[in-house]
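> Residue strings, one per chain:
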Amino acid sequence: MTTTEWIGARAPRREDPALIRGRGRYVADINLPGTLHMAILRSPMGHASINSIDASEARTMDGVHMVITPDDIPDHITQFPVVWRLPGQKDSGIPALAEGKVRYVGEPVAAVVADSRYAAEDALDAIDVDYETLDPVTDPEAALEEGAPVINEDWGDNVAIHHVFAGYNALGECHYDAEAFDNAEVTVRGRLKIGRHSGIPLETRGIVADWDEIHGRLTVHSESQVAHLFRTELAASLGLPETAVRVLTPNMGGGFGNKWDRYPEDLLVSIASMELGRPVKWIADRREGLMSTVHGRAQVQEWEMALQSDGTILGLRGKVINDLGAHLHSVGIGPAWVTGAAAPNQYKIANYYCNVIAAATNKTPASTFRGFGGPEGIFGAERMMDKAAKRLGMDPAEIRRKNMIQPDQFPWFNAAGAVYDSGNFPACLEKALEAADYDRVRAEQKELREQGVYRGIGISSYIHVSGFGPSPILGYLSYYTGGYEGSTVKVDPNGKATVYTGMIPMGQGTETTLAQVAAHHLGIDMADVRVVWGDTDQTPYTGFGSAGSRSNVAAVAVIRAVEEIKAKAVRIGAGMLEADAEDLEYADGMVSVKGAEEMRSVSLAQVAQQAYWAHALPEGDQPFLEATYVYDPPNFTTASGCHVVVLDVDTNTGRITFRNYVIVDDCGPVINPLLVEGQIHGGVAQALGGALLEEFVYDDEGQLLTTSFMDYLLPSFTDVPDMEIHHVVTPSPHTDGGFKGMGEAGTFPPGAAVANAVTDALSHLGVEADELPITPSRLWSLIQEATR
Amino acid sequence: MKPAAFEYHAPESVDDAVGLLSGHEDAKVLAGGQSLVPMMSFRLARPAGIVDINGISDLDYIRCEDGVVRIGATARQSALEESGEVTGCAPLLAEATGHVGHRAIRNRGTLAGSLAHNDPASEYPAVLMALGASVTAVSSGGSRVLSVEDLAGGHFLSTALGSDELITEVSVPAQSGGHGFAEFSRRHGDFAVAGVAAVVSMNGSGVESASIAAFGGTSPARLDEAETALVGSDGGSSAVAEAAARAASQFPATDDIHGSADYRRALIDVLTRQALQQAIAGAQEV
Ligand SMILES: Cc1cc2nc3c(=O)[nH]c(=O)nc-3n(C[C@H](O)[C@H](O)[C@H](O)COP(=O)(O)OP(=O)(O)OC[C@H]3O[C@@H](n4cnc5c(N)ncnc54)[C@H](O)[C@@H]3O)c2cc1C
Chain H
1 MTTTEWIGAR APRREDPALI RGRGRYVADI NLPGTLHMAI LRSPMGHASI
51 NSIDASEART MDGVHMVITP DDIPDHITQF PVVWRLPGQK DSGIPALAEG
101 KVRYVGEPVA AVVADSRYAA EDALDAIDVD YETLDPVTDP EAALEEGAPV
151 INEDWGDNVA IHHVFAGYNA LGECHYDAEA FDNAEVTVRG RLKIGRHSGI
201 PLETRGIVAD WDEIHGRLTV HSESQVAHLF RTELAASLGL PETAVRVLTP
251 NMGGGFGNKW DRYPEDLLVS IASMELGRPV KWIADRREGL MSTVHGRAQV
301 QEWEMALQSD GTILGLRGKV INDLGAHLHS VGIGPAWVTG AAAPNQYKIA
351 NYYCNVIAAA TNKTPASTFR GFGGPEGIFG AERMMDKAAK RLGMDPAEIR
401 RKNMIQPDQF PWFNAAGAVY DSGNFPACLE KALEAADYDR VRAEQKELRE
451 QGVYRGIGIS SYIHVSGFGP SPILGYLSYY TGGYEGSTVK VDPNGKATVY
501 TGMIPMGQGT ETTLAQVAAH HLGIDMADVR VVWGDTDQTP YTGFGSAGSR
551 SNVAAVAVIR AVEEIKAKAV RIGAGMLEAD AEDLEYADGM VSVKGAEEMR
601 SVSLAQVAQQ AYWAHALPEG DQPFLEATYV YDPPNFTTAS GCHVVVLDVD
651 TNTGRITFRN YVIVDDCGPV INPLLVEGQI HGGVAQALGG ALLEEFVYDD
701 EGQLLTTSFM DYLLPSFTDV PDMEIHHVVT PSPHTDGGFK GMGEAGTFPP
751 GAAVANAVTD ALSHLGVEAD ELPITPSRLW SLIQEATR
Chain A
1 MKPAAFEYHA PESVDDAVGL LSGHEDAKVL AGGQSLVPMM SFRLARPAGI
51 VDINGISDLD YIRCEDGVVR IGATARQSAL EESGEVTGCA PLLAEATGHV
101 GHRAIRNRGT LAGSLAHNDP ASEYPAVLMA LGASVTAVSS GGSRVLSVED
151 LAGGHFLSTA LGSDELITEV SVPAQSGGHG FAEFSRRHGD FAVAGVAAVV
201 SMNGSGVESA SIAAFGGTSP ARLDEAETAL VGSDGGSSAV AEAAARAASQ
251 FPATDDIHGS ADYRRALIDV LTRQALQQAI AGAQEV
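Chains as they are written, first to last, in the numbering used here: chain H, 1 to 788; chain A, 1 to 286.
Note that these hints are calculated values from the structure, not bench results. Small disclaimer: the values here were computed from a predicted structure and weren't measured. The beta-carbon is built from N, C-alpha and C at its ideal position, and this holds for glycine as well. Certain hints may be false.
To be verified - Derived, one-sided and incomplete: chain A residues facing chain H with beta-carbon distance under 10 Å:
hint, residue
1, Phe42
2, Arg43
3, Ala45
4, Ile62
5, Arg63
6, Phe184
7, Arg186
8, Gly189
9, Asp190
10, Phe191
11, Val193
12, Ile257
13, Gly259
14, Arg264
15, Val270
All chains should be built: construct the whole structure from the sequences, respecting the hints.
Structure (C-alpha cells):
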C-alpha cells in the first residue's frame, strides 16, 4: 500500500506551464547554424502525367543550393513502406516525389533548397513542369466502375483491397447466415456517407535534418508520433545503418494520428542535408498542410439490419467503401478494416457480414486519424439502430437495451473477429439517459414541436477496442511492427526517478500520466519523477509509439519496471537492515521490516546510495537502481460508453443549436480525471467538427477547394457545447491497474449522436441525416426535399 | 506561404502616398493588412510595391459633422464599435461591425480597406450602401467623391477605384429611421454565407422610405425591388414577407462550398424578414 496515491489524482499537466506561456519548443523553433530551407513544388492537378520537368533556371537562381527532381534522387533511395499490409492488399509505397505522373493536388513534384524559404519559393516559380491532363476520378464508387481511369497502373484497377468479414469471430466460428436476412420479419436498410476530414494539428508538419559528415550521422528533428519506427524506416530508405540515424522530437502541437505516418518531405529533407552537408529545414505552411497531410474518414456505407418484430437483432450486413485517395499510406487500408471490425458495436450481433473495399481516388491519401476507422464503424452501427427503432416504432433507448451485450458476457467475441474484454454497456446507457433527463426531454419535445421548436435527442453508444496491441496479433493481421511499449526507470543516487519512454507527448499528457504512475508505485513525490522522451538515442524502442490510446500500455511498462526496482531495493535494504528480504516490505518510498516500520526502515534514497556505492551489494546484483520492462499486452482493452445529445434544428436555415451534451465513459480506472476529461472534450470537439463543419471538398477535376481555414472550418469554442461527463468503471481484466485506452474514445460517438438527434428533431418530416458533415446548406436541402 | 519580393514605402502624407501610387506600375495600398497580407502570402497578390498608409497620422479619425459621420482611412474597425459618433449617428454601422471577423482582426482592419477589397461576403459594402454612404478617393490628379454603391456595387473582389487612387475618407450620412441587420455565417466571426442590412423610416401612414442591401452573393447589392414593395405599405407582416420574397429573387445568389444559390436565396428571405422587423420596430420608436 502507498499513501502517495498519485493514480486517480487530478494532477495538472506538467507540460502546461511552458506550452501555455508560449515557451514550448517546436520543430519550427529549431534554428541550427547554417540551416538551409526547403520549399516543395506540388501538383496543381488531380491527375496528370508529367512529360518533363525543367529546373535549369531554378538551379541558377541566387541563393538556391539544390533542386531535387526525380532525376536528382540517388538510385539507392527507396520509398517509405506501408506498415500494415493485409493479405490481398495492393502494393504501394510512399515516394519522395511523383514518379512520371501526379495523382492528387498537393503531391510533391520537385523541391528547392535555398538560403531562405522566400528564395526557395521564388525558385519554385521558375520550375517548368509539362503536365498532360489525365481523366480524374474523385468519387470512390465511380472509381470502382468498369472503365474508370486507373490511378496506379500497376494495380490494374482502383481497388486497393477487397476484404470480406464473413462472420468469423476470434474463435474461428463462422456466424454468417444469409437466410436469416431472407426470413427476417423486418429488414432495415441504410446508405450512409462520412465526409473527408482529418485531424488538424495547430502545429503543421515540419522537419529539420542535420547530416554530420564527420561522424556519419543524421540527426533529424521531427514531430513523428513514433520516432523509433520513423528512425527504422528513414534509415532503410536512405540506405543508412539504423545506428546512423537519431530522431529528436521537441514539443508537438498536436498529432491526431496523421503525424504517425511517414511523408515524402522526411526523405527530401534528409537527402538534401546529406548531399549539402548542412542542416535543412522544411515547415509545412497551412495550405500545404491541408493538401498534403493525410486525410481520413471518408466512406460510403450500405447496411442491412435484420430484426425480429420485437426489436431483437438477427444480423447486420453491409458494404464499406473507403475513399482511399491516390495511394496507400503508412497504415494501408487499416482504418477501413477497423470500421468493419467495430461495426457490431455493443450489440449481440452474431450474424455479420461486411465487405470492405478501399478505392483509390485522385485525392490526398487517407490514413491514420484519431479513432482509426472506429468512429466510422460506430456511425454505421448507431445510425442503423435508430433506423431500426424508427421502423419498429420503438424508443431508440429501448432497442439498444434489448440488444446490448450484458456485463456477464465477457469476454465477448464479436462476429467481426474483435474480442471485448470487459464493460458494462447497459450501465453506461442508463447513466447517460438519467443525466440527460431523457424522459422529461422526450415529453418536452412534443410540446415544443407544437410551438415550432424542433428538438431532437440522439443517443450513441460505442466500444473502442484500444491499447494496441499484442504483437502476435499484429503479426497475424500483417501489421509489420510490434505492439509493445517499453520503459526504463532509473533511480539516481539521491533517490529521484527518471522514466524513459518511447511515447511522445503530443497533447495527451503522457509526461504527466507516466510520472503519476511511477510516483504512485515508487511511493514518492510526483515532482521527484522526471520523464525523458523524444530522443531515440535514450529511450526504449517502440514500433507503435504515441498512437491508438496507448498510455495504458506504456503505464504497465512503467509499473513493471518499478516493481523490479522495488524488488532490488528490498534486496539491498535487507543487507542494510540486517534482515531477511522476506521480512521486508516496500511502501511509501521506504524499505522496512514488516511490523516494525517505525524502528527499522531505510528510504529509497538511502538504498539508492548503496546501489551506487556498491560497497555491499547482495550477491548477483549489479550496481545501479534501474530496470527496463517491455510490456507486450496480452490482449486489447475495450473502452466503451454512451453519449446523449439534445439539440434544436432551425428548419428555415438548417442551423443546429446544442441544448445538452452528456457523456458516460468507461476507460477503466482513471489515472488522472483531469486529463481524461480533457481528452474527451477534445475528442468530442474534433468529432463535432467532422459531424457539422469540417470537410475536404474536391471538385470533379480533383481540385481541392478547401485549402485555408476560411473554407476548411474547424470548430471553435463557440461551436462546441458544454459537456457533462460521467464515468462507469469496469477494469480491464488483463492489464495491471485495469487501465484502458482513452485518448480517442471522444471521437467515436458524436457523429451518430448528432445525426440521430437531427433525424429525431425532424421525424415529422421524415428527414434522415445520413451524410456527414450535416452542414446547414445540406440539411436545408434535405428539409426542402422532405417538404416538397 | 511567403510573399514574393516587393518594395516597401511608408509615406507620411496623403500627397506622398498618391505620388507613390501614380509613380508605380503595380503598387498596392496597405491598410490593416488583414486581407492583403494573406493574399500576398498565398502569392495570389504580387504587388511590386507596397504603400503603407499606417504612418499617415491625419487619416486616423472618426468625426460627426453636420449630420455626417466621417471616418478616416486608417481608423480601425474596432474604433467604430467604440465610437460614440458611430453608435449615435449610424448605429447600423456599429452593430454590423460586431459581425466582422474577430476582435483581433478588427483591431487592425479598416473600413476603407474593407470597401477597397470588396469581398462579396463582407458586411461593410452592403451596410454602407444601405446607409447611402460615399467615399473620397484621392489621386495625384485630384479627388472625387463616389457613392459606395458606385464604388462596390456589381464588382467582385474589385471596385471602381483606379489603381492610383487612395480612399481617404468614408462619409456616412446620419441614419434616418430604424435599422435592421441579420446575417448567417457558419461559425461566429466567419464571413457571412448571406446577410441583409436595412434602414427604414416610417410616417403616420406606414413605411416612408426603405433602403435594403444584401451581401453573400456575387457582389454587394441594393435590393430596390424589395424596397419598392415595402415603401407605402403599412410595414406589417405581409408587406415584410412580400419584400423578403422579392429580396430573395433579386439577390445575385451563387453557389460555393458553404451553400447553394437556392439555399442563399432562402437565407436572404429569412434574413430580410428579420432585418426588416428589427428596422420597422426601431423606426416606430423614433
Ligand atoms: C480571419 C479573418 C476573418 C475576417 N472576417 C471578416 C468578416 O467576417 N467580414 C468582413 O467584412 N471582413 C472580414 N475580414 C477582413 C477584414 O475585415 C479586413 O480587415 C478587410 O477586408 C480589409 O481591411 P484592411 O484594412 O485590413 O485592408 P488591407 O488588407 O490592408 O487591404 C485590402 C485591400 O484594399 C486596398 N486598400 C486598403 N486601404 C485602402 C485605401 N484606403 N484606399 C485604397 N485601397 C485600399 C489594399 O490595397 C488591398 O487591395 C476577415 C479577415 C480575417 C483575416
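> Return the status of the interface hint for Phe184 of chain A: holds when the least beta-carbon distance to chain H is below 10 Å, violated otherwise.
6 Å, holds
> Answer holds if the nearest beta-carbon of chain H is closer than 10 Å to that of Phe42 of chain A; otherwise answer violated.
Holds, about 7 Å.
> Quick check on Val270 of chain A please, does its C-beta sit within 10 Å of some C-beta on chain H?
With a closest approach of 5 Å, the Val270 of chain A hint holds.
> May I ask you to test the interface hint for Ala45 of chain A with respect to chain H, counting a Cβ-Cβ separation under 10 Å as satisfied?
Given a least distance of 14 Å, the restraint on Ala45 of chain A is violated.
> Under 10 Å is the threshold here; is the Cβ of Asp190 of chain A close enough to any Cβ of chain H for the hint to stand?
Where the cut-off is 10 Å and the nearest Cβ of chain H is about 7 Å from Asp190 of chain A, the hint holds.
> With a cut-off of 10 Å, does the beta carbon of Gly189 of chain A approach a beta carbon of chain H closely enough for the hint to hold?
8 Å, holds
> Holds or violated: the hint that Arg186 of chain A contacts chain H, with Cβ atoms closer than 10 Å.
6 Å, holds
> Does Phe191 of chain A meet its interface restraint, that is, does its C-beta lie within less than 10 Å of any C-beta in chain H?
Since chain H brings a Cβ to about 7 Å from Phe191 of chain A, closer than 10 Å, the hint holds.
> Gly259 of chain A was flagged as interface toward chain H. Is the shortest Cβ-Cβ separation under 10 Å?
4 Å, holds
> Identify whether the interface hint at Ile62 of chain A stands, where standing means a beta carbon of chain H within less than 10 Å of its own.
At 29 Å from the nearest chain H Cβ, Ile62 of chain A fails the 10 Å test, so the hint is violated.
> Checking hints one by one. Is Arg63 of chain A an interface residue toward chain H, by the C-beta closer than 10 Å rule?
Cβ of Arg63 of chain A sits 34 Å from chain H, so the hint is violated.
> Interface hint check: Ile257 of chain A, Cβ to nearest Cβ on chain H, cutoff 10 Å. Holds or violated?
The hint holds - Ile257 of chain A has a Cβ within 10 Å of chain H, the shortest such distance being about 5 Å.
Consistency with the previously given hints fails for numbers 3, 4 and 5, ordered from lowest to highest.
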